[in-house]
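Undergrad: Sequence:
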Amino acid sequence: MIGLTGLSRSQLIIALAVIGGFFVFPLYAGEFRTDQLGLFLCYVMFALSLDLIWGFTGILSLGNAIYFGGGAYFIGLALKLQYAATHATRYGEGAIPDFMTWNGLTEIPRWMRPLQNVWFAAPAGVLAMGFLAFVFGVITFKRHIYGVYCAVITLAESLIFEELIIEKQAYTGGFNGITDYDSYSGSLHFYWVILAVTVFFFWLSRKLTTTHFGMVLRSIRENELRSEFFGFEVANYKIFVFTVAAMMSAVAGGLYAALNGIVSHQDIGPILSIEGVIWVAVGGRGTLIGSMVGAILVKGAQSLLSEQFAWIWDLLVGFMFILIIVLMPDGIMGALLRRARRRRAIAAGR
Numbered sequence: 403m404i405g406l407t408g409l410s411r412s413q414l415i416i417a418l419a420v421i422g423g424f425f426v427f428p429l430y431a432g433e434f435r436t437d438q439l440g441l442f443l444c445y446v447m448f449a450l451s452l453d454l455i456w457g458f459t460g461i462l463s464l465g466n467a468i469y470f471g472g473g474a475y476f477i478g479l480a481l482k483l484q485y486a487a488t489h490a491t492r493y494g495e496g497a498i499p500d501f502m503t504w505n506g507l508t509e510i511p512r513w514m515r516p517l518q519n520v521w522f523a524a525p526a527g528v529l530a531m532g533f534l535a536f537v538f539g540v541i542t543f544k545r546h547i548y549g550v551y552c553a554v555i556t557l558a559e560s561l562i563f564e565e566l567i568i569e570k571q572a573y574t575g576g577f578n579g580i581t582d583y584d585s586y587s588g589s590l591h592f593y594w595v596i597l598a599v600t601v602f603f604f605w606l607s608r609k610l611t612t613t614h615f616g617m618v619l620r621s622i623r624e625n626e627l628r629s630e631f632f633g634f635e636v637a638n639y640k641i642f643v644f645t646v647a648a649m650m651s652a653v654a655g656g657l658y659a660a661l662n663g664i665v666s667h668q669d670i671g672p673i674l675s676i677e678g679v680i681w682v683a684v685g686g687r688g689t690l691i692g693s694m695v696g697a698i699l700v701k702g703a704q705s706l707l708s709e710q711f712a713w714i715w716d717l718l719v720g721f722m723f724i725l726i727i728v729l730m731p732d733g734i735m736g737a738l739l740r741r742a743r744r745r746r747a748i749a750a751g752r
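Quick note on the working numbering: the sequence shown kicks off at 403 and runs consecutively.
This list has only true hints and no planted wrong ones.
Restraint ranges, calculated between C-beta atoms of paired labels, are given here: (1) 536 with 416: 31 to 37 Å; (2) 709 with 544: 43 to 49 Å; (3) 438 with 625: 40 to 46 Å; (4) 634 with 432: 46 to 52 Å; (5) 630 with 737: 29 to 35 Å; (6) 703 with 617: 33 to 39 Å; (7) 749 with 426: 34 to 40 Å; (8) 438 with 746: 34 to 40 Å; (9) 546 with 741: 33 to 39 Å; (10) 513 with 438: 31 to 37 Å; (11) 432 with 613: 40 to 46 Å.
No more than 16 Å apart at the CA atoms, straight line, and that leaves these computed lysine to aspartate or glutamate pairs for EDC-like: (12) 544 with 626; (13) 544 with 630; (14) 544 with 635; (15) 570 with 500.
Hints were generated in silico from the structure; no laboratory data involved. Just so you know, even glycine gets a beta-carbon here, dropped at the ideal spot from N, CA and C.
The whole structure should be built from the sequences, with the hints applied where relevant.
TA: Okay, structure coming up:
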């Protein structure tokens, strides 16, 4: 039964069971594991946004962490400014963040003062990242730049923004990042907020990709010139989905910063962007579920292996990634879906 959710009855039952499992997990797990799963869900949202642009539209971006990190820095700065205002004895009479004091500032810059209100910073960060993605999309997609050229441009963009964050340390904390602010670590209610936003983003992504709009995205992925021949404004579709994905990433980054209690240049640099592509590839691009599975599987493996094998965990994760890609080129969900289709074909032929 396809209804508001876009899922059949059996799919809906499975989805509700999975959501229920995530909902009750904190009731049986410790605070550390709950926070860890909350961070994984933030990565899941980031992976979903990448699946929209790469898995369904064919835009390989190696710089989408810009929007994740941008959203994180907006919230990190807001929480840091609030913390400094209530801990004046630590930062001096000016009640400004420590990294500003270290760099010779005596007061909060005028343009940054609105960020002292987190309820302003949250939507401002999302809108700013959406606008940045829109501008990038207009410049890039209107000029018919795609494929490896788009990947290289986004990678360069990510490197530039990371260097900018490091250099402007008086306003961003530089290489050390933004630390020592009141986070929502240990908050069960905040974990549920993250879970609710993740479910909403999955529903939104599902709606976008199972409608006529999603069919156009797949057409663009398979053959951009043919899509233009049929009268579709390919650049506009790309700009729209790229902007939506950027805003999703910004929300995920903001929630990540609020939970993690630290934001650094690595959250905006190319390493996270490339990791996100790996999550989608491992799980199976163009499936949505695959990107979620890939993010949790890879980040979970990194966490568990780093605890047990601190000296070689990164090699083990790399070996796991290579093994999955070699054995399942379409990713985990891609392999499962292909096997399911084969079984249905065999059953239909009997």
